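Peer 1: Modelling step: build the complete structure from the supplied sequences, incorporating the hints.
Those protein sequences? They're chains A and B, same order as listed. Residue numbers for the first sequence follow UniProt numbering, so the first one is 1 and each next one is one higher. Residue numbers for the second sequence follow UniProt numbering, so the first one is 1 and each next one is one higher.
Quick caveat, the hints were computed from the structure, so don't treat them as lab data. The reader is advised that the hints may include incorrect statements.
Claimed, not checked - Under the rule of at most 20 Å between Cα atoms (straight-line distance), these lysine to any residue pairs were calculated in the SDA-like manner: (1) B/K131 / A/I303; (2) B/K120 / A/W246; (3) A/K120 / B/K131; (4) A/K111 / B/K120.
What the hints assert, rightly or not - From the derived model, a few chain B residues whose C-beta atoms are all more than 10 Å from chain A: (5) V28; (6) N65; (7) C104; (8) K111; (9) Y117; (10) V162; (11) V180; (12) S235; (13) D252; (14) E292; (15) M316; (16) N330; (17) E336.
As the list claims (entries may be wrong) - Distance ranges between label pairs, derived from CB positions: (18) A/K90 / B/E189: 49 to 55 Å; (19) A/N65 / B/L251: 43 to 49 Å; (20) B/K324 / A/G62: 48 to 54 Å.
It should be emphasised that the depicted structure is a prediction, and the values quoted were computed from it without experimental measurement. Don't be surprised by glycine CBs; every beta carbon is placed ideally from N, CA and C.
Protein chains: 2
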Amino acid sequence: MTTSRTVPEKFSGFGVDKAENWNKARLVRFDPKPLMPYDITIKVIACAVCGSDCHTVTGNFGPINRDDLVVGHEIVGEVIEVGPEVTKHKLGDVVAIGAQSDSCGECNRCKSNNEQYCQKGTVGTYNSLSKKCGGYITQGGYASHVRVNSHFAARVPANLDVHHAAPLLCGGLTVYSPIVRHAGYDLKEKVIGIVGIGGLGSMAIQIAKALGAKEVVAFSRSSSKKEDAFKMGASKYIATKEDTEWANSNLDTFDMILNCASFGKGVDYDSFIRTLKLGGKYVTVSAPPADESITIAPFNLLIGGGIIAGSGIGSMKEADELLKLYADNNLAPWIEKVPISEEGVHKVMNRISVGDVRYRFVLTDFDQAFDSKW
Amino acid sequence: MTTSRTVPEKFSGFGVDKAENWNKARLVRFDPKPLMPYDITIKVIACAVCGSDCHTVTGNFGPINRDDLVVGHEIVGEVIEVGPEVTKHKLGDVVAIGAQSDSCGECNRCKSNNEQYCQKGTVGTYNSLSKKCGGYITQGGYASHVRVNSHFAARVPANLDVHHAAPLLCGGLTVYSPIVRHAGYDLKEKVIGIVGIGGLGSMAIQIAKALGAKEVVAFSRSSSKKEDAFKMGASKYIATKEDTEWANSNLDTFDMILNCASFGKGVDYDSFIRTLKLGGKYVTVSAPPADESITIAPFNLLIGGGIIAGSGIGSMKEADELLKLYADNNLAPWIEKVPISEEGVHKVMNRISVGDVRYRFVLTDFDQAFDSKW
Numbered sequence: 001m002t003t004s005r006t007v008p009e010k011f012s013g014f015g016v017d018k019a020e021n022w023n024k025a026r027l028v029r030f031d032p033k034p035l036m037p038y039d040i041t042i043k044v045i046a047c048a049v050c051g052s053d054c055h056t057v058t059g060n061f062g063p064i065n066r067d068d069l070v071v072g073h074e075i076v077g078e079v080i081e082v083g084p085e086v087t088k089h090k091l092g093d094v095v096a097i098g099a100q101s102d103s104c105g106e107c108n109r110c111k112s113n114n115e116q117y118c119q120k121g122t123v124g125t126y127n128s129l130s131k132k133c134g135g136y137i138t139q140g141g142y143a144s145h146v147r148v149n150s151h152f153a154a155r156v157p158a159n160l161d162v163h164h165a166a167p168l169l170c171g172g173l174t175v176y177s178p179i180v181r182h183a184g185y186d187l188k189e190k191v192i193g194i195v196g197i198g199g200l201g202s203m204a205i206q207i208a209k210a211l212g213a214k215e216v217v218a219f220s221r222s223s224s225k226k227e228d229a230f231k232m233g234a235s236k237y238i239a240t241k242e243d244t245e246w247a248n249s250n251l252d253t254f255d256m257i258l259n260c261a262s263f264g265k266g267v268d269y270d271s272f273i274r275t276l277k278l279g280g281k282y283v284t285v286s287a288p289p290a291d292e293s294i295t296i297a298p299f300n301l302l303i304g305g306g307i308i309a310g311s312g313i314g315s316m317k318e319a320d321e322l323l324k325l326y327a328d329n330n331l332a333p334w335i336e337k338v339p340i341s342e343e344g345v346h347k348v349m350n351r352i353s354v355g356d357v358r359y360r361f362v363l364t365d366f367d368q369a370f371d372s373k374w
Numbered sequence: 001m002t003t004s005r006t007v008p009e010k011f012s013g014f015g016v017d018k019a020e021n022w023n024k025a026r027l028v029r030f031d032p033k034p035l036m037p038y039d040i041t042i043k044v045i046a047c048a049v050c051g052s053d054c055h056t057v058t059g060n061f062g063p064i065n066r067d068d069l070v071v072g073h074e075i076v077g078e079v080i081e082v083g084p085e086v087t088k089h090k091l092g093d094v095v096a097i098g099a100q101s102d103s104c105g106e107c108n109r110c111k112s113n114n115e116q117y118c119q120k121g122t123v124g125t126y127n128s129l130s131k132k133c134g135g136y137i138t139q140g141g142y143a144s145h146v147r148v149n150s151h152f153a154a155r156v157p158a159n160l161d162v163h164h165a166a167p168l169l170c171g172g173l174t175v176y177s178p179i180v181r182h183a184g185y186d187l188k189e190k191v192i193g194i195v196g197i198g199g200l201g202s203m204a205i206q207i208a209k210a211l212g213a214k215e216v217v218a219f220s221r222s223s224s225k226k227e228d229a230f231k232m233g234a235s236k237y238i239a240t241k242e243d244t245e246w247a248n249s250n251l252d253t254f255d256m257i258l259n260c261a262s263f264g265k266g267v268d269y270d271s272f273i274r275t276l277k278l279g280g281k282y283v284t285v286s287a288p289p290a291d292e293s294i295t296i297a298p299f300n301l302l303i304g305g306g307i308i309a310g311s312g313i314g315s316m317k318e319a320d321e322l323l324k325l326y327a328d329n330n331l332a333p334w335i336e337k338v339p340i341s342e343e344g345v346h347k348v349m350n351r352i353s354v355g356d357v358r359y360r361f362v363l364t365d366f367d368q369a370f371d372s373k374w
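Peer 2: This is how it looks when you write it as structure tokens:
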């Protein structure tokens, strides 16, 4: 039996009609996704802003699939409706949702805590076709409410601030998963490099430090983020444009280098690969525009036995682990709060598009934006 | 105390003076590398021909470092001299030498059966600077004799034909090492793809089959090698230019794909990556010309958690294992024998340069080429 508090017939959000208007989101009302038996509906409390939101509305990732597209996939909210088959959550729970809202649930990958790599394709939290739900195109968290498969909502620990939990569900998880999968849960013997000190990189430094890394080396093009990186937990900082000898002076150093840069072009993959230890891994989680490629010289892979890997978001098991890691270690992502409104959404999009963000925006005050108007 | 049979003051070989004359090797005499205490000298019995030999003399891999360069690094011969510190071999042993002839012997990599990735740089069997030996530029096995660090000579099992042992030491080892390192020694649950059915690929099929692979899938551009591939041990054959849907019909299939193609350009890395299982690895051992690069779309790595790795030759521990695997399983690389002479060397170079080799040339009859003349 479906149980609910007041769920409006239509949801509200800040939506974009086409790529030309990427920074002109407007208040829209839309039909929610049909409630499936395993779904929950949450009333949104906070939504952090991922670089992918900007890539999506500008068309960098491909077409915009509806003319009122609401983005946002780092969402925290209160459960106000649970479908009849939901056992994971109950009304009143505070939960967090990331970039994935559904999957087949039946394949080997879904059944082995690898649902982010579902063999039948994942359903993104927004702009994604949900075949199971009548071909609905999903809507994200810059909205009054969000409805998703309950499996894809993590319980937020009571001692973790809701505004701090939000960016962990996509940005944090995206860096946590490759760190624990490729370097392990105990990093005390490991030297970890983090490339790109933005939203993802800042959380990656915190996570590597919290997992006990012997050394966390922050890579950025300039020195501008040096002080911040040390505060986040880095033990060493390399400004690649200022120290042209950085690769030669760091050969055979890294167990893992995690590329968090939001672009592909201009990243000197060959130099990074040269600094790996034997069997060390260069893992990229960055999702640059679809037309950007990685170019590497095979010789560099041969002479050092180098390994390059990619990683996409993370599993819900890992999301739970990550929220606990932040709660247990009293950690907080570095965020800037912006009350949600048309102006607020325009501002964060404009600033993200020029890289003016230290280190994650979190949209707040959803009650004020929606409840008073609908 | 150095012990020896008759070691000539000068060695003889078929050498190239410059890249323009890549297919005009001439009989040359040259000073051997100074005998170090850990060195052995062998009298060559057979030398197989690696694609790298051709890449080197044509200048594809960089400059030719001496004007009488003798290539060849798949060498079998009889030990006729042992330096005073040699314990691994004795006079009369039949040994095989591959692409590496020395390393520092002291770094962590050298001490952990990873001497092929020596931190201080390896010494190639030919065209390579041997700093320890007075800056000598090394000479290869299209020669009467070869002198190397005894560590880099493997003992040839008595029940393995010397002509079959030769190509195992570079070509065979280059594919054996990544298979056992990335897929393991027991492949009975594994589906292994082999890309490029040339010298390396043919041995890779034999090795994967001998290690018990559940399935060995041979990839080639056309069907021309289908029959051979099945005889070598493949259980399936995919002609990528003829079956344009091959990637779509083989998604989520491979535990490991080993790229043995001798070129970088034209290899559709993105399609191969799409056919990997989650956590599956695409490993490249091909050494294309220095100016060829790999280009991949990061999205493909992210959505499948794909892993790309490189591997360079193998360790001497692995060389011993490989010779034993061939001897124990009564296997033989597919070879074509050519008596060594100026004409013979010209012929194999010309045929290799146009890919006319099924699947490895082995130069033979060294006694006749050298003993009668010097």
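Peer 1: Hint by hint, note whether the structure agrees.
Peer 2: These are the hints, each one checked on the structure:
no.	hint	verdict
1	B/K131 / A/I303	19 Å, holds
2	B/K120 / A/W246	18 Å, holds
3	A/K120 / B/K131	56 Å, violated
4	A/K111 / B/K120	46 Å, violated
5	V28	29 Å, holds
6	N65	17 Å, holds
7	C104	13 Å, holds
8	K111	12 Å, holds
9	Y117	5 Å, violated
10	V162	28 Å, holds
11	V180	13 Å, holds
12	S235	22 Å, holds
13	D252	6 Å, violated
14	E292	7 Å, violated
15	M316	16 Å, holds
16	N330	31 Å, holds
17	E336	27 Å, holds
18	A/K90 / B/E189: 49 to 55 Å	41 Å, violated
19	A/N65 / B/L251: 43 to 49 Å	24 Å, violated
20	B/K324 / A/G62: 48 to 54 Å	53 Å, holds
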